[in-house]
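Asks: Chains as they are written, first to last, in this note's numbering: chain A, 1 to 116; chain B, 117 to 225.
What the hints contain is simulated information worked out from the structure, not anything from laboratory work. Glycine is no exception: its CB is placed at the ideal position from the N, C-alpha and C atoms. One or more of the hints may lead you astray.
What the hints assert, rightly or not - Computed beta-carbon distance windows for the label pairs:
id, chain 1, residue 1, chain 2, residue 2, range
1, A, 87, B, 222, 16 to 22 Å
2, B, 172, A, 100, 41 to 47 Å
3, B, 132, A, 63, 45 to 51 Å
4, B, 183, A, 10, 25 to 31 Å
5, A, 42, B, 178, 23 to 29 Å
6, B, 220, A, 100, 29 to 35 Å
7, A, 112, B, 224, 28 to 34 Å
8, B, 184, A, 63, 48 to 54 Å
9, B, 159, A, 86, 24 to 30 Å
Stated by the list, open to error - Chain A residues, not near chain B, derived (Cβ > 10 Å throughout):
id, residue
10, 41
11, 45
12, 78
13, 87
14, 98
15, 112
Stated by the list, open to error - Facing chain A, from chain B, some residues (calculated, C-beta under 10 Å):
id, residue
16, 120
17, 122
18, 142
19, 162
20, 165
21, 204
Each chain, letter by letter, is given below.
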Amino acid sequence: GAVVSQHPSWVICKSGTSVKIECRSLDFQATTMFWYRQFPKQSLMLMATSNEGSKATYEQGVEKDKFLINHASLTLSTLTVTSAHPEDSSFYICSASRTGIPYEQYFGPGTRLTVT
Amino acid sequence: AQRVTQPEKLLSVFKGAPVELKCNYSYSGSPELFWYVQYSRQRLQLLLRHISRESIKGFTADLNKGETSFHLKKPFAQEEDSAMYYCALSYQGAQKLVFGQGTRLTINP
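Given these sequences and hints, build the entire structure.
Replies: Below, the structure written as structure tokens:
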């Protein structure tokens with residue numbers, strides 16, 4: 001149990017376009033979902049925390065107008081990278097928690113975004 | 117600000133040798149510390165948490181508040197222990213984890 005999926009697993013888009021990444025909790029209801037960004041050979045950087053039905057809380061330095069997060073249901077959260085640029089190329093990982101307790105996060109496999 | 121430091125990006129030991137992955141943190145209050153592991157081509161998963169004081173896959177970690185450390189140890193490394201290990205911190209009132217930079221552990225046969 002406690003499986004989190006992400007779609008797509010990898011995506012290539014042109015500069016200036018927007019791309020949406022989905023994060024789903026397959027067998028549990030996630031009260032809280034987290035979005036991370038991971039640069040090559042670096043750690044996971046938390047971008048934002050979202051609770052179902054409310055606005056996401058963004059970490060300092062993360063542009064909320066560029067990285068739109070929607071957590072419309074207890075099993076789905078989406079991250080939309082708007083007007084993507086090459087510097088947005090990265091590995092994006094989501095995680096979900098059924099309890100909201102930080103360490104009780106189940107991680108998705110990640111999405112590799114390449115902006116050309 | 118809360119910070120987690122893993123001083124070694126890479127660590128290589130031989131099978132059967134002891135292994136210690138270092139983790140230091142900065143937080144003035146009482147944190148919760150965790151170790152996460154990511155095996156090749158798999159997703160990140162929780163390995164152990166300090167509060168449970170348990171041994172998982174032969175690994176243990178003790179929280180040393182005086183040294184603000186939470187080193188991960190295993191007396192006899194196995195090849196299947198090769199993975200990326202992340203130390204992470206959480207604290208009261210925070211609905212998030214703060215991750216260290218990670219250490220890539222390689223166990224040589």
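Asks: Among all the numbered hints in the text so far, which are the ones the structure does not match?
Replies: 1, 2, 4, 8, 10, 11 and 18
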